[in-house]
Amino acid sequence: MTYIMLLLLMGMIMGLVFVASNPSPYFGALGLVAVASVGCGILVNYGGSFLSLVLFLIYLGGMLVVFAYSAALAADPFPEGLGNWFVKLLVVVYMMGITSFSFLFSGKWHEFSWVPVDEISEFSVFRGDVGGVALMYSFGGIFLIIGAWVLLLALFVVLELTRGFNSGAFRAI
Amino acid sequence: MTPVHFAFSSAFMLSLSGLAFYRTHLLSAFLCLEGMMLSLFIAISLWALQLDTTGFLTSPVLLLAFSACEASAGLALLVATARTHGTDRLQNLNLFQC
Amino acid sequence: MSPYTLTIMIFGIGLGTTITLMSSHWLLAWMGLEINTLAMLPLMSQHNHPRAVQATTKYFLTQATAAAMLLFASTTNAWITGEWAIQQMTSLIPLTMITMPLTLKIGLAPMHSWLPEVLQGLDLNTGLIMSTWQKLAPFALLLQIQANNPTLLITLGLLSTLVGGWGGMNQTQLRKILAYSSIAHLGWMMLILPFSPSLTLITFITYIIMTCSTFMIFEINKATNINMLATSWAKAPTLTSLTPLVLLSLGGLPPLTGFMPKWLILQELTKQELTTTATFVAMTALLSLYFYLRLSYAMTLTMAPNNLPGTIPWRLQFKSFSMPLATTTMASITLLPIMPAMSTLLKL
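Protein chains in written order, with this note's numbering: chain U, 1 to 173; chain S, 174 to 271; chain H, 272 to 619.
Everything labelled a hint here was simulated from the structure, so no lab data went into it.
Incorrect hints may appear among the rest.
[Stated by the list, open to error] One side of the interface only, derived from the structure: several residues of chain U facing chain H at Cβ under 7 angstroms:
#: 1; residue: L151
#: 2; residue: L153
#: 3; residue: E160
By construction, the Cβ of each residue, glycine as well, lies at the ideal position given by its N, Cα and C atoms.
All chains, full assembly: derive it from the sequences and hints.
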C-alpha cells in the first residue's frame, strides 16, 4: 500500500506541475482530470471511499464537462502542450523547485506511516466517511441551509452575469 | 511534516504559482483555481480521515459545493469577458492602465 | 438589475459578512467570505460595460485566490496543531501565512495592485460598498487572529502608507485616488494592530465614515476625475464648501475627525518607543495630504472657467441630498471633540 500511496502522491504533484506550467486549456483540463482521479485514489487508500466517489462524480461528471465546453470558447489555433519549449521549461523549473523543497522537508519520512492503520475496515459495514457525510443531514442543519443557499445564490449570480449582453460574441437570442 | 502533508502543500503551492504566473488564458487561470480547491479538498478530508473525526467529514462536501459555486461564477465571468472583450486572453484585460 | 435580484445580492453580501463575523471556525469564516464574493460579482458588473466586466473578473480572481489561501493556511494549522478555531492560531507558520491572504483581501501594500483597477471599473455606489463593507469581514478576521508579529505588520503598514501616498500622487481619476487613500488608511490600521487593536477599530470606523461621505459627495456631483469636480459649485454650493473639509479630514488635519486616529496612533507608537516608525509614517501622511489638497484646490479654491449655461444648475431644485450624506459629512468633520471619550474607551 505504501508504494501505491507513493505513486499516487507523486502523480498528484506531477499532474499539478503540468497544469501549472502554462499549457493550453485543453491540456490543462486533461491534467486536472488526471489529478482528480489520482486524488480519488489517495482518498480510497485512506479509507474514504464515499468522499472519493463524490469527488469523482463532481469533478469528472460535472465540472470537467463544463470546462471542456468552455475550452471550445477559449480555443487556440496552435495548442501548446508538452511539445512547446516554454511549457517544457516551466515543467523543469517546477520539478526542480519541488525536488529541492522535498529535500528540505523530507526528514524521517521512513518513520511515518503512509497510510492510516485501518484494521477493522474489512469487518465493518458502516464506514466512517459515509456516517460523517450523513451527519450533515442531521446535526449540521445550518450548514446544510448555508450550502443550499449558496448554490441558489450561485445560480442567480451566473444568470445575472451572463444576462443582457446585446453586443459582442455569443449574443443572447 | 508527513509525506501526505508535503504532497498536498506542494500541490497547492504549485497551483497557486501557476495561477500567479499565468499570462495567457483566463480559463487556465480558473483551472489552476480548481486545482487549488482540489488539493484543499484532499487535505481536509485526509485530515479528518487520519484523525478519525467522522463528524468533520461533512466539511469536504461543503467545500466541494462552495468550490463548484466558485467555478460556475468563474465560468460565467469567462463568458461575460468573451462577450465584452471578444476573447479570453489575459492581455486584453488592459482597460485600466494609466 | 431587477429589484428582486438586487435584494438577493444585497442580502447575500450582508449574509456573507455576518457569517464571517459570527464564526469561530475557519471553514465557516471561509464560507462567509465566499458568499460575500459571489454576491458582490453581479453588483459590480451590473452595467455590462467592458470596464465593469474586467473589474469583476479581476476582483473575482484575487478574492477567490485569497479565500483559497486562507483555507490552505488554516488547514495547515489544523495539520500541525489539530485546531480549527480562529482564536487558536498558535502555530507561527500558519499565522504568518494567514496574514497574507487577509491583506490581499483588503488590499494592503504588497498585494494592493488589484484595488485601484477594480475600483476604477465600478460606479460610485458600488465603489462605496467595495471600499467599506467588503473590507469588514477580512478585517474582523485580522483582528481576531491576534497577529503577534509586530515586524511583519509594521512593515506592511509602512509600505501601505508609502504606496498609498505615492501611488495617488499622479492620478487624475477620483476612484483611483480613493483606492490609494484606502490603501494608506489600511496601512495606518495595520501599523497599530499589534499594539492596540481597539485603536485599529476606531481608525476603521472613522475611515468608513469619511469614505462614505467622500463617495456620496462624488456621486452627487457625478464626478469621476478631477476636472469634473471643478464645476461642482454650480450644482451644490454648500456641499462644495464642505467638501474640502471632508477631504482634509481624510488627510488628517487637526480640527477635523481624521486627525483623531492619526493622533492616537502616533501617541501609541511613541509610547511603544517606535519613534522612527512614527516619524516615518507621519511623513508618508504628507504624501496623501498632497493629493487631498490638490482635490480641494481643484474643487473649491479655484474658479473654473464656465460658460453661462454651466452656471445654471444651482437654481434647480436638487432632490438627492440624503440623510446618510449629511450624517457622514457632519461626522467626518466635527467628531474630534469626542476624542477624550474615545481615549477613555480605549483604556477600558
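Now the hints, each set against the structure:
1. L151: violated, 10 angstroms
2. L153: Nearest chain H Cβ about 5 angstroms off; hint holds.
3. E160: At 4 angstroms from the nearest chain H Cβ, E160/U passes the 7 angstroms test, so the hint holds.
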